[in-house]
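Number of protein chains: 4
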Amino acid sequence: MKTLKIVTLGGGSGYTPELIDGFIRRYDELPVSQFWLVDIAAGEEKLKIVGALAQRMVKKAGIPMTVHLTTDREAALRNADFVTTQLRVGQQEARIHDEAIPLKYGVLGQETTGAGGFMKAQRTIPVLLDLCRDMERLCPDAWLINFTNPAGIVTEAIEKYSRIKTLGICSGANSMMMDIAKVYDVRREDVYARVMGLNHLIFADQIAVKGHDVTAEFIEKLAQGNGQNQLKNIPDSGLPPAFIRALGLYPLSYLKYFYLRREMVAHSVKDSQTYGTRGEQTREIERQLFELYKNPQLESKPKELESRGGAYYSDTACSIISAIYNNRQEIHVVNTLNRGATPDLDENSVVETNAVIDRRGAHPLAYGRLPVKIRGLIQSVKAFEELTIEAAVTGDYSTALMALSVHPLMPSVDIAEKILNEYLVVNRPFLPQYPQ
Amino acid sequence: MKTLKIVTLGGGSGYTPELIDGFIRRYDELPVSQFWLVDIAAGEEKLKIVGALAQRMVKKAGIPMTVHLTTDREAALRNADFVTTQLRVGQQEARIHDEAIPLKYGVLGQETTGAGGFMKAQRTIPVLLDLCRDMERLCPDAWLINFTNPAGIVTEAIEKYSRIKTLGICSGANSMMMDIAKVYDVRREDVYARVMGLNHLIFADQIAVKGHDVTAEFIEKLAQGNGQNQLKNIPDSGLPPAFIRALGLYPLSYLKYFYLRREMVAHSVKDSQTYGTRGEQTREIERQLFELYKNPQLESKPKELESRGGAYYSDTACSIISAIYNNRQEIHVVNTLNRGATPDLDENSVVETNAVIDRRGAHPLAYGRLPVKIRGLIQSVKAFEELTIEAAVTGDYSTALMALSVHPLMPSVDIAEKILNEYLVVNRPFLPQYPQ
Amino acid sequence: MKTLKIVTLGGGSGYTPELIDGFIRRYDELPVSQFWLVDIAAGEEKLKIVGALAQRMVKKAGIPMTVHLTTDREAALRNADFVTTQLRVGQQEARIHDEAIPLKYGVLGQETTGAGGFMKAQRTIPVLLDLCRDMERLCPDAWLINFTNPAGIVTEAIEKYSRIKTLGICSGANSMMMDIAKVYDVRREDVYARVMGLNHLIFADQIAVKGHDVTAEFIEKLAQGNGQNQLKNIPDSGLPPAFIRALGLYPLSYLKYFYLRREMVAHSVKDSQTYGTRGEQTREIERQLFELYKNPQLESKPKELESRGGAYYSDTACSIISAIYNNRQEIHVVNTLNRGATPDLDENSVVETNAVIDRRGAHPLAYGRLPVKIRGLIQSVKAFEELTIEAAVTGDYSTALMALSVHPLMPSVDIAEKILNEYLVVNRPFLPQYPQ
Amino acid sequence: MKTLKIVTLGGGSGYTPELIDGFIRRYDELPVSQFWLVDIAAGEEKLKIVGALAQRMVKKAGIPMTVHLTTDREAALRNADFVTTQLRVGQQEARIHDEAIPLKYGVLGQETTGAGGFMKAQRTIPVLLDLCRDMERLCPDAWLINFTNPAGIVTEAIEKYSRIKTLGICSGANSMMMDIAKVYDVRREDVYARVMGLNHLIFADQIAVKGHDVTAEFIEKLAQGNGQNQLKNIPDSGLPPAFIRALGLYPLSYLKYFYLRREMVAHSVKDSQTYGTRGEQTREIERQLFELYKNPQLESKPKELESRGGAYYSDTACSIISAIYNNRQEIHVVNTLNRGATPDLDENSVVETNAVIDRRGAHPLAYGRLPVKIRGLIQSVKAFEELTIEAAVTGDYSTALMALSVHPLMPSVDIAEKILNEYLVVNRPFLPQYPQ
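Protein chains in written order, with the working numbering: chain A, 1 to 436; chain B, 1 to 436; chain C, 1 to 436; chain D, 1 to 436.
Honestly, I wouldn't trust all of these hints.
What the hints assert, rightly or not - Pairs of lysine-lysine, DSS-like flavour, derived with a Cα cap of 25 Å: (1) D:K418 / C:K221; (2) D:K104 / C:K256; (3) B:K418 / B:K46; (4) B:K256 / A:K418; (5) A:K210 / C:K104; (6) D:K210 / D:K59; (7) B:K2 / D:K59; (8) A:K59 / A:K46; (9) B:K2 / A:K256; (10) C:K165 / A:K210; (11) A:K2 / C:K210; (12) C:K104 / C:K221.
To be verified - From chain A, some residues computed to sit far from chain C (all C-beta separations above 10 Å): (13) S175; (14) E217; (15) R262; (16) M264; (17) D358; (18) R360; (19) E390; (20) T394.
Since the hints were made in silico from the structure, they are not lab data.
Backbone N, C-alpha and C define an ideal beta-carbon position, used for all residues, glycine too.
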C-alpha cells in the first residue's frame, strides 16, 4: 500500500492539532508517512509550538509518521500527495479590519461572505494561485484540499486559473446533519441530507433518517422549535416559524445574515461594541490555545480547541481525503464544479453540494432546477463571487467596486465605495495585484 | 383599409386624454373608428368627465372616430382589435397603503417593485386574468396592450395563464433614449439603445447616435455629470461617478432604489412626512386634473397633464399599436417572453428588451449572456416576480411571504411577515383569491 | 425487517427463471415473501409451465417465499413493493414483423431502435401506461422496474405520463464492465465505467480498474484487438482501429448499427435469409427452453437459458432493487431523468447513465457536456425517441411518420412512409390509440 | 457621405459581373468609390478577363467608381470597408474530386455539406483565417462578408478564431421567399419568412404575405403541388405529401439530400455517369462564360450568367452591405452567432436565421426551441460542423475522421476512412495544416 505525503500550508495555525488528530485516528485507512507543516517566516514561532505538539501526539500514538516543520515550501511540496491549506493572509489583524470597517457603516463584515469575504478573497486568492503554480511544477498530480475561507470562492478561483485538482471543504453541511442526528437521536451516519447552494449558503431539500424521508416533519420541528419555547435539541435559526414553513427547506445557520439582515447588523454592532469583533475574540482564544500548546506534557489536542469549532473540519477533511485515497465512491458535501448539477448556475461555477468522491475526484449528483424560493439569492451571491474572483486576479478597482456593490448585504453603492477605499489602504501590503 | 376598434379598460383614468390625443395625431396610419372607454360602476363619474373631454377632442379633430363610454365590458370587448388597460384596482387609496405600510418599517414601498409592486400585483393580476377570460370569448384575436403596473409581472402572468396575445408597455426605455437625444442634441429617432432586464430594471449596454456607437462616451458623460457640478442636460442618477464607470452601462433611473437602498429609504420616509406618499400626491394632482377636464370649453389635453409623466406612455403605446397594425417590423422596447434572448433567464420569463414588432407580435433580439455586473440583481428580482405571480394566482400565504422575503429591498423576513399581514387586512376587498 | 411483495408482468416469459434465481440468491438481503407472476390469458399456458419451475426452484432453495401465478393483475398489484415488467405485446410474431418489414426495404429492423424499436414502442407504451394507472390506484408507492424494450423510451413515457416511480434497466453497461473485467482479469466489482447516452446508445468515457484510470490504455487495446488478429478477451466491435482511436470512447456494441449502417443492413438481410430474423430465431430458442422447463425434475434454471443473454438482466435488476430496498447509495447505470446531468439534452429527457441508487431512487451524477463526437448522434436519436413517445400516446399518423423519418438509420422519408403503412396494417390489434 | 472601398477576394470568379452589377445598381445608397478585385497568381488570367468586363460595366454606368485588378492582397486590403470572398481553393478540379470520390462509395459528395463540404472546408478555412490575420493588421474595422461555401462552417471558423466582424451569406432563404412570392403572385418584399437552422439546412416555420400568416396554407399547397400533377409555380421538393404535411415547415430544397438520401445518391450516381459531376458541369459553364466575357463589346452581365444561380447572391450581398452601411435595422437571413436565438444550439454556434442588420452588425431574433421534428438533424449536422472546423484548424487526422463519420449522410465509418484517405492524397497541395 502506497504511503502518503501530506503537506499543510499554514501549518502554524491553531487548528493543526485537530488535523493531526484526525490523521492519527485514521492511520489504518490512510497511511500517512510524512506530514509536512509549512508556514511563512512570520509564523515560524507558532509553527514551532504547534508542530512540537503535533510531534508529541504522533509519538504517543506510536505510528510511523514523521512530522516536518518548515518554511521551505518547495521542499515540502515535492512529490506531495495531498496539500491542505489553513492559512490566513494578514493574520487575525486583517480579519479584524475586514469586520470592523463595514460595521462602521452599518454593514455586516462576516468573513465568509459580504464585505469581509470579499476582502479576505482579495488577499487569499493570489497566494493560493501562487501555491498552485508551485504545485504544477513540484507535485502536479497532488490534490489541493482547500479549507481556507471563503472556501467556495477560493475553489472557483483555483478551478478557473489552475490545472491543479482541488476540492473545497466546509464543515457546514456536516454540522447540519449532526443537528438532524441530535433531533432524531441517531448517529450522524444514519442521516442523509441533500444540499445545494454556495459555500455558507446551502439549503437541504431532502432529509432522510435511515433512508426514510423526514423532510416535511423536520421542517415542522424547526418551525415549532423556534422562538421563546425553544425545544430541546432543535436548532434555533432565529427565523419566524411562518417563514420556515414557507421556505420548506433547512437552511444553514449562516443564512440568517441574509434573512435577518437588519437584525444581524444591529446585533453585530452591539456585539462588537461589547466584546470586540469576532476577529478580536478569535485572536484572544488563539492566544490562550497557544499557551496550552506550549506545555511539553500535552500529548493530545486540548478540549478547549473545540470552542474554535474545528472538529468537524478535521473530520470532514480526513474522511474526504480517505474517500479519494481509497476510491470509496462515498457521498460527501464539497465545493466543486457544478457541471450541470443545477442548470440555474453556470456549468463552470463552483457549488457546494453532494458529490460522489472517489480516486478521480468529486462527481456532483444532478440536482435539477433550484427552487425559485432560493434561486435568486444563490444566483445573486454567485455574481458577487465571480466579480470577487475577477477583482482578486486582476486587481481592477472597478471590478472590486462592482463586487462589493452587488452583494445582497450592501445597502448602497456609495457605502461600498467608502468601504473599498478604506480596505485598500489597510490591506496594501497584502494586495500586490492592485496598483500600489 | 380595415378600421379599428380600440377598447380601454380603466377608461376613467386621468391619462385618457393623452391616449386619445395620441390616436388622433396618428389617425392617418391608425384608422380608429371606435374608441371604447370602459370603467367599473365606482368609476363612472370620472369616466363621464374624461369621456366628455375625449369626445370634444375628437370632434375638434374632425375625424370619423366615435368615443363610447360604458360600464358594460362585454359589449365593449366584442370584436375589439386592441384592448389597453390603465386600471388601478382599489384606486389611489390602495396605492397609499401600498407605500405607507412598508415605510413604517423603513422599507421602500415603490409601486412597481418591492413591497408596493407585490401588493399591486396581488390586486391586479386576478382582474387582468378575468379580462383575458372575457377576451378569449369575445375577441380572441385581439391584442392586449398592457400599461398597468407592475407591467412586467402582469405581462408574465398573462403569458402564463392565458392564450391572449399581449405586450407589456413602459415608457422607461423611451425616456432613456429621450435623455440621450437631449445630451447629443439630436432627435429621439436618431438614438438607438439596446436594453435588457425586467420592467423598471433595465440597463442599456449599447448606445448609438445616428448608428455610431457612443456607449463609452455617454457613460463617461454620465459619470462626470453627476454630483455637485451637474452638467446641462446630463441626467443625474445620484450614483457615484466611480460606480457609474465601474458599471459601464446606462441604468434606468429606477435602479437607484436598488443601488442606493439606504439613502432612498431615508429620502422616502422624509418625503412622505413632508408631502405625503407619492400616492397621496398623485391623488391631489388627479383631483386638480379632473377639475380642468370638467371645463366644457377644454378641447385638448391640458398641459398640466404632463406633470403626471404620461406623455411617453401614450407615444409608446400608439407607436407599438401602429407597428402591429401596419406590420412595420420596427424595433421597440417591450415586455415580452424571453425565448432565449438571454440564456440567463428562463425562456418563459417576461423580459423588457428590444424586439421587432410586426403583425405577428414581438420578436425579441437575441442578447446573449447578461453582464455579470447586473445578472444577479435581475435574476433575483425575477425570482421575486415568479413568486409574486404564483401568490396572486393561488392566494397562498406562504408563497406570498416568500415573494416579499426574497425581494432585494426587504431587510428581513420578520419585517416581510409584518408587512404582509397588514397588507392582507387592508386589501381584503380586492383579494378574493386569498382565504377571507 | 419488512418483507417484500414483488410482481412481474409478463411472468410467463422464458426469462422468469433468471429472475427467480436472482431473488433466491439474494434472499438474505432482499426478503421477498411473495412473488407474483402475472400474464394475460393468451400467455397462461406458458405462465403455468415457467411458474411451476419457479415454484420448484423456490422449494429447493428452502426459503419462505410463495410464488403466485395469476392473470388477475389487480390482485397481484395490490400493495406491491416492486413491479417488474418483461412483457412483449404481440409476442414474438409481432417482433418478426418489426424486423422483416424494414428489411424488405433495406432498412435495419432492430427491436430496440430504428423502425423495430419505434413499432415496439407503439404497442408497449399504452400497455405500460395502463399498468401505471392501475399502480397509481393499487400500489402508488411501489417502484416500477422496467426491463421492457425499448427500455429508455418506455421509461421516458412513464416519467412523462405517470406519477409512478420508475427506473429503466438494461444489462448493456453491465456487460461492458464484464468485458473490461475480462481484459484485465479482475472481478466485475473492480471495474468502474462512467457511461452516458441513451438506452442501447451509450459510451464509456472514463474507465477505472481498482480506481486507476485505464481509459486510454483500454481504448488502445480495443483498437489493436479488432480485425483479423483478434486478441484474446478483447471484444470485437467490428469498428476500424483508426475510428476507435479517433472516438476515444468505449461504445456499447449496439453502436455498430449506427457506425456500420451499410454493412449491418447487408449482414441482417443475409442473416435473415439464412436463419430467419432474430425474432424467428428467438421464437425457436424459446420453444426449446419451454420444452426443458416442462421437465418436472428440473429445479434450477437450465444453462441453455444463457444463450438468451438474460443473466446480466437478472443480476442488474436484483442488485438495483436491493440498492433501493437497503438504501445502499450504490452507483448503477440506469435509465432515469437527466435533470441536467448533461446540459446537451433536455432536463426531462431520460438518459442512461451512472446514478446513485438509494431508497429515494436514482440520482444521476453530473456528467457535463457530451463530447462533440457523440453529441449529434445522441441528440438525433433523442428527437426520434420524443416523437416515438408522442406518437404512441396520441396515435397521430403524422407524428409517427416524423418519428420514423428522423431516425438516423432511415434512408428516406419515402421508405419511412411505406414501412409505417405496412406496420399499421399488421399491428392493428395492438394499436387502440391509432384510428382503426 | 463617406465613400467606400470594397475588396473582393477571388475576384477572377465568373460571379464577379453579378456583384459589380449589384453595386452599380445601388450606387445611390452605397457610394463605392473603389472596387478591388484580388486573385492569386494562378487566377490572374481570368481576373484580367472578368476585371476588364467589370471596368466596361462601370464605365457604361457613368459612375465615379474605379475598378482595381491586383494580385497584391495587402495593397487591396489596406483601409478596406468591406471585404467579400468568392474564392475556390483548388479551383473546379478540387470540387470534382470532392464529389467524385464519395460517389465511388455510393456517398453523396455535395459541396456544401457531407463529404464534399467537409473537404472544401479543409482547404478553405486556413485561407480565410489567413485573410483574417491580414485584415486584423490592415483594416481591422472592415466587415468580412463571406459567400464562400460551406458558408456556415466558414463563418463559424472566423467567429471562433478571429476578431474580424463577419457575416455569412447565402441566397437560400431569399430564393425560398422568391418561390413564395411566385405562388402568391406578389413582390418579394411582400413576403416574410422566419427561418432557422444551419446553412443549407434551414426551415421556414412562419410565412407571412403582406403581414398575414399563410404558413399552414402554403404548406398545404406544397403538399398538393408535389408529385405527378405538379401545379404551376409550386416548388417541387420531391418529398411525399404526407411527409410535407407531417413536417409542417417549408424546408430549403437542399433538405432533400437528407430526407431522400437513398434516392439522391442513386440520382447523383446516374447523373454523374451521364453528365459528369456537378463540378464538371460547372467547369464547362464557366468556360463558356469566360468566352463571352472576353468580348470587348460586352458591357453588362450576360444573361447566360443566370444559369449559375448567382443573381440572388449578389442581391443578398449588396442589400446586406447597404443595411450595414446605412444602419437600416432591416431584417435579413444571415449566418451569424446564435447567442441564444435557439437554446437548442450552443450560444457560440453559427446559425442561419433572421437577424436585424444595422451598422453594428447582425442581431438575430430570438427563435426559442427548435421543433423536435427538425432538432435532431440540425444538432447532428452542427456536431459535424464543429468537428470539421476543428480538423481544418488543427489538421488532426482523428478529428477529420470523426467529422466525416458523424455526418448523417455517411453510411459507415469504414467508408468514411476510405474517403478521407483518398481525399488527403489528392488535396495534399492545399492542406498545409495536415502532416505532409
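Going through the hints against the structure:
1. D:K418 / C:K221: 23 Å, holds
2. D:K104 / C:K256: 23 Å, holds
3. B:K418 / B:K46: 35 Å, violated
4. B:K256 / A:K418: With Cα atoms ~17 Å apart, K256 of chain B and K418 of chain A stay inside 25 Å; holds.
5. A:K210 / C:K104: Roughly 57 Å between the alpha carbons, so the hint for K210 of chain A and K104 of chain C is violated.
6. D:K210 / D:K59: 39 Å, violated
7. B:K2 / D:K59: Not satisfied, since the Cα-Cα distance of roughly 49 Å exceeds 25 Å.
8. A:K59 / A:K46: 20 Å, holds
9. B:K2 / A:K256: Violated, at roughly 61 Å.
10. C:K165 / A:K210: 20 Å, holds
11. A:K2 / C:K210: 14 Å, holds
12. C:K104 / C:K221: 38 Å, violated
13. S175: Answer for S175 of chain A: holds, closest chain C Cβ roughly 21 Å.
14. E217: 15 Å, holds
15. R262: 36 Å, holds
16. M264: 33 Å, holds
17. D358: The assertion about D358 of chain A is violated, with a minimum of 7 Å to chain C.
18. R360: Violated: least Cβ distance 7 Å, not greater than 10 Å.
19. E390: Since the minimum Cβ distance to chain C is about 23 Å, E390 of chain A lies beyond 10 Å and the statement holds.
20. T394: T394 of chain A clear of chain C: closest Cβ-Cβ about 27 Å, beyond 10 Å.
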